[in-house]
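Protein sequences appear in the order of chains B and P. If you count the first sequence from 1, position 83 lands on 83 in our numbering, and the numbers rise without skipping. If you count the second sequence from 1, position 101 lands on 101 in our numbering, and the numbers rise without skipping.
No wet-lab data here; the hints were simulated from the structure. Some hints here could point you the wrong way.
Reference excerpt, derived from the structure (chain P facing chain B, CB under 10 Å, subset only) [said to hold, decoys possible]: (1) Thr67; (2) Ala78; (3) Val98.
Ideal Cβ positions, reconstructed from N, Cα and C, are used throughout, including at glycine.
Each chain is listed here by its residues.
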Amino acid sequence: MITTTVSWRACASSLVTLLLAAGLASCGSATPDDAEPRPASTQPAPRVLERPSRIQRHNFALLRTRPEGLPARVRRFGTVPEVAINPALAQQIHVNVPGNYWLVPGIGYLCIVSDVPETPGIAIICGRTQQAIKQGVGSISLTLAKQAPAGMPTRLLVGIAPDDARTALVHTKGSVATAPVVNGVFVLRDSVRAPSDFIELRRIRGN
Amino acid sequence: MTHTSMQRLALLLTASLVTLFVALALTSARASAAKIPFCGGQLISNVQTCFGAPRNFEWILGRGTKTGVCVGYNEVAAVACSSNGGELAYNTLWSYAVRTPRIVGISPNHSTVENAETF
Numbered sequence: 001m002i003t004t005t006v007s008w009r010a011c012a013s014s015l016v017t018l019l020l021a022a023g024l025a026s027c028g029s030a031t032p033d034d035a036e037p038r039p040a041s042t043q044p045a046p047r048v049l050e051r052p053s054r055i056q057r058h059n060f061a062l063l064r065t066r067p068e069g070l071p072a073r074v075r076r077f078g079t080v081p082e083v084a085i086n087p088a089l090a091q092q093i094h095v096n097v098p099g100n101y102w103l104v105p106g107i108g109y110l111c112i113v114s115d116v117p118e119t120p121g122i123a124i125i126c127g128r129t130q131q132a133i134k135q136g137v138g139s140i141s142l143t144l145a146k147q148a149p150a151g152m153p154t155r156l157l158v159g160i161a162p163d164d165a166r167t168a169l170v171h172t173k174g175s176v177a178t179a180p181v182v183n184g185v186f187v188l189r190d191s192v193r194a195p196s197d198f199i200e201l202r203r204i205r206g207n
Numbered sequence: 001m002t003h004t005s006m007q008r009l010a011l012l013l014t015a016s017l018v019t020l021f022v023a024l025a026l027t028s029a030r031a032s033a034a035k036i037p038f039c040g041g042q043l044i045s046n047v048q049t050c051f052g053a054p055r056n057f058e059w060i061l062g063r064g065t066k067t068g069v070c071v072g073y074n075e076v077a078a079v080a081c082s083s084n085g086g087e088l089a090y091n092t093l094w095s096y097a098v099r100t101p102r103i104v105g106i107s108p109n110h111s112t113v114e115n116a117e118t119f
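Build out the structure end to end from the sequences listed, making use of the hints.
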């Protein structure tokens, strides 16, 4: 009888230990620590760009300077598998408008990450590198009509363009607004309550 | 081991396994949220919005074939807008909640929703 009791307790203790171990393991995978890379044995590391490609660096001056990286409060979005952007390679886009913008290269993509007041969450706009060389990439923020009194800016467009771009032509409902490209960045802030139809770049040489 | 002890052990083992599976299922559901498409192949423009069915999501993604798009949710028409066709527009809202995803074109010209997903 004594033998039976001891065996029962041993089994119960083992099961409790097993459950605790499993519980700890599952908690660990649900709340990953950003500061510590995950061991390769638990899950494969997400694919990210290690350094900007030659074509990205060749065409965009911003990517030829030392990256600042995304701040921790923004980079907590984790990864974006389709475009494989690396938050550590983020370059801040310095613009004199509300919010913060970064150019973040990915594998075959260039993305603009923005954190804009009055806009929920973080927006990430990504264009293929080749497309960004031809047309630039722009991120558009629209202020809700009820939050913007008449005459106040409602549309904010922040874009990046290749080194040889001189101006960005922003087409909206048949009208065209011109935004100069300065250091590979263009900004348009106006009272239009609609996004642009498309963006066209004028080059230093040719069109 | 007595018959009663065996029964207790079997009961405890079953309960433990059930708890373990439930915990693992909840964990994996959170860790790898499935992408749920909406409005794929639909025509959109700046006056033609497409709404998906309400669902639980944190991220929203949209891409149009010919023009840029704005993705949004519920009554918020635009939380991220791309400027040209083929560009991906993502937004993370930082938390899961049941919302109605939406996608609209940025131009009077029609564009097809190449892909729109929530996750």
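Next item on the list: Against chain B, run the beta carbon of alanine 78(P) and see if the smallest gap drops under 10 Å.
Entry: 5 Å, holds
Check: Given valine 98(P) was flagged as interface, is its beta-carbon under 10 Å from a beta-carbon of chain B?
Finding: 15 Å, violated
Check: Can threonine 67(P) be said to touch chain B, with a Cβ gap under 10 Å?
Finding: 7 Å, holds
Hint 3 from the list above is the single one not met by this structure.
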